[in-house]
Amino acid sequence: MYYLLIFENTFTIIETEKKIIRSSKKFSDIVFENLTLLFAITIIVIVVFICFEMFKDSAISREKFGFGFITSEKWDSVKSDYGALTFVYGTVVSSIIALLIALPISIGVAVFLTELANSITKTTVSFLIEILAAIPSIIYGFWGIFVLAPFMRTSVQPALQSTLGFIPLFQGATAGFGLLTAGIILAIMITPIITSITRDVLKAIPVSQREAAYALGSTKWEAIKMALLNAKSGILGATILGLGRAVGETMAVTMVIGNKAQIKESLFEPAYSMASVIANEFAEASGGLHVSALIEVGLILFGVTFIINSLARILIYSFTRKAQAR
Amino acid sequence: MSELILDNIDNNYVSVIPAAEHSTAAVEESHEHLKYTVETENLAVSFFGREAISDINIKYRSNTITAIIGPSGCGKSTFLRALNFMHDLTPGAIVSGTIKIHGKDISEYDMTDVRRRVGMVFQKPNPFPTMSIYENVVAGLTLHKRHKKSHLDETVEKSLMLAGLWEETKDRLKVSAMALSGGQQQRLCIARTLAINPEIILFDEPTSALDPMSTAKIEETLHILKKDYTIVIVTHNMQQASRVSDYTSFFFLGKLIEHSKTRTIFTSPKQKLTEEYVIGKFG
Ligand SMILES: Nc1ncnc2c1ncn2[C@@H]1O[C@H](COP(=O)(O)OP(=O)(O)OP(=O)(O)O)[C@@H](O)[C@H]1O
Ligand SMILES: [Mg+2]
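Protein chains in written order, with the working numbering: chain A, 1 to 326; chain B, 1 to 283.
One or more of the hints may lead you astray.
[Stated by the list, open to error] Going by beta-carbon spacing under 7 Å, a handful of chain B positions derived as facing chain A: (1) Arg-116; (2) Met-120; (3) Asn-126; (4) Gly-140; (5) Leu-143.
[Claimed, not checked] Partial chain A-side listing against chain B, Cβ under 7 Å, derived: (6) Ser-208; (7) Ala-212; (8) Ala-215; (9) Leu-216; (10) Ser-218; (11) Thr-219; (12) Asn-230; (13) Gly-234; (14) Glu-269.
Everything labelled a hint here was simulated from the structure, so no lab data went into it.
All residues carry an ideal CB built from backbone N, CA and C; glycine is no exception.
Can you build the whole structure from these sequences, using the hints too?
If you want it as structure tokens, here you go:
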């Protein structure tokens, strides 16, 4: 703290010599600034520490398998042969399915809530959405096991097979538990987040924008289209938050994805996700290599989350920059 | 939900027309209906049952500029917004009476069609923030359907020219509209309105947020636009009203007090209220 104060002051002096005009700071300001800086640094330290720990603890696995760990489909604790590809596949594909289902629904509901619903419907639906967001994931998991999975097996999957069965994605045994079911559970779980953020983004569009669209002779739909275009970076942000939750979700996915480390063409097939394998195997991991491999899976999960978030930032940045470009 | 109630109560008509309005109409415009671009009869607007304007009978000829003056809250914006169905968007608003465009009742038009024929420029410049200058100008066109690029290019140039913004922006049409100054943004909004080729353009205090230079530019634009459009402009600025308009309507407490040639309003108004307002006794 003291060091920071000194540093800050020298910095100020150097800058004044360069004739940069700056108002002199009050002591309380300096304290406050350094305090917030400290908090900010804490966050960085925590992230770095987690990364470092996972990196260190996965050393055995990294040394044994090298880069091949990410590209190998094998996960065999008897032969001590580990690879993470099946889990990465399970996580990524189930999240993509979730997003494909949740995004249109969320945007639709958000548009309905901001532009079309009367106030009673608005309050009721908003309340229900908040409730949905508050349900613990284990409850979703139970519901998945006892309601969704049987329903998928008896109705949805056969129907998909008979209509879209020519696509490999919808072929094979209709087991109920698998990638598609996990994706749907995830979709239900992330819909509330995406909906409520999208709704807030749409609500934040000033009336003057709406009026501008109407004054140009827009129909209601055209005005809504305009509002969505205006809100696209916000909606993207909402999507990323939802995706973040989908990627990291553990309990509900574990309960319906089937927990089988394999990569199959069909979405009906059981699969395994990164978070699930860690949750399932960590407690009774057999020996150092197994634990180390699981920790490396965690490290990859961390990396995947990081990549998704970075991509999202770049996307949002390029959207907003395009809008502000001179 | 607001709705347009169209009931034309004829027996009310004579009694509520202010004397001045009546005589102007009689002397200057005879009875040829089609010469009027906009006519209102017994137009009234209420918000949640509270009447904001009522008994508005007014006729606007094409290729004229009419200024609407009156103290704050007297219903100028309310009147203007009634002319292009804008109250449809306002909760609790009910519009009653008759509005005719080219002699044809407004209810016989499609609502979006009315808004395309009656363009509106708002008090605060409101370009679409995520769109470029170019996209803003053609927004009214591209919203409806696809257009040839050449057609859009042409429209952009023509509209920006008319709005007096072409020289300043022709090299940076792809730049965000938010990079423009307030006055430029307002002219962009004018260009955007011109692009959909309306017949009537409503201006609600278009220069109240602008500096004198930008104001002068927009007033210049108004004069050019007069050749092809019917213009109605709400203004708080008496000088502006007398500079730009051919006719002036004076509103007070939700009523049309006097409508006449601008010169008449400012030199020899028929109503005492008008005179007091014009010389600045209140408002
Ligand atoms: N959306 C609304 N809801 C309720 N009342 C409204 C609404 N819009 C206007 N009013 C009321 O209608 C009356 C006229 O308002 P209006 O905005 O037309 O005034 P104005 O003449 O344009 O005033 P200003 O010069 O300040 O813009 C006011 O009493 C106002 O309170
Ligand atoms: Mg107003």
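To see whether the hints hold, each was checked on the structure:
A cut of 7 Å between beta carbons decides the hint on B:Arg-116: the least distance to chain A is about 4 Å, and the hint holds. A hinted interface residue such as B:Met-120 counts as satisfied when its beta carbon comes closer than 7 Å to some beta carbon of chain A; here the least separation is about 4 Å, so the hint holds. At its closest, the beta carbon of B:Asn-126 sits 4 Å from a beta carbon of chain A; the interface hint therefore holds under the 7 Å criterion. For B:Gly-140, the suggested interface contact is upheld, since its CB lies about 4 Å from the closest CB of chain A, less than 7 Å.
Checking B:Leu-143 against chain A by beta carbon gives a least distance of about 5 Å; that is within 7 Å, so the hint holds. Given the 7 Å rule on beta carbons, the hint for A:Ser-208 holds: about 4 Å separates it from the nearest Cβ of chain B. Checking A:Ala-212 against chain B: minimum C-beta separation of about 5 Å stays under 7 Å; hint holds. Look at A:Ala-215: its Cβ gets to within about 4 Å of chain B, closer than 7 Å, so that hint holds up.
Satisfaction of the interface hint for A:Leu-216 is found here, the shortest Cβ-Cβ separation to chain B being roughly 4 Å, below the 7 Å cut-off. Hint status for A:Ser-218 relative to chain B: holds, with the closest Cβ pair at about 5 Å, below 7 Å. Look at A:Thr-219: its Cβ gets to within about 5 Å of chain B, closer than 7 Å, so that hint holds up. The interface hint given for A:Asn-230 is met, as the beta carbon of that residue sits about 5 Å from the closest beta carbon of chain B, less than 7 Å.
A least Cβ separation of about 11 Å between A:Gly-234 and chain B goes past the 7 Å threshold, and the interface hint is therefore violated. Because the smallest distance between the Cβ of A:Glu-269 and any Cβ of chain B comes to about 42 Å, over 7 Å, the interface hint for this residue is violated.
In terms of the numbered hints stated before, the structure departs from hints 13 and 14, listed from lowest to highest.
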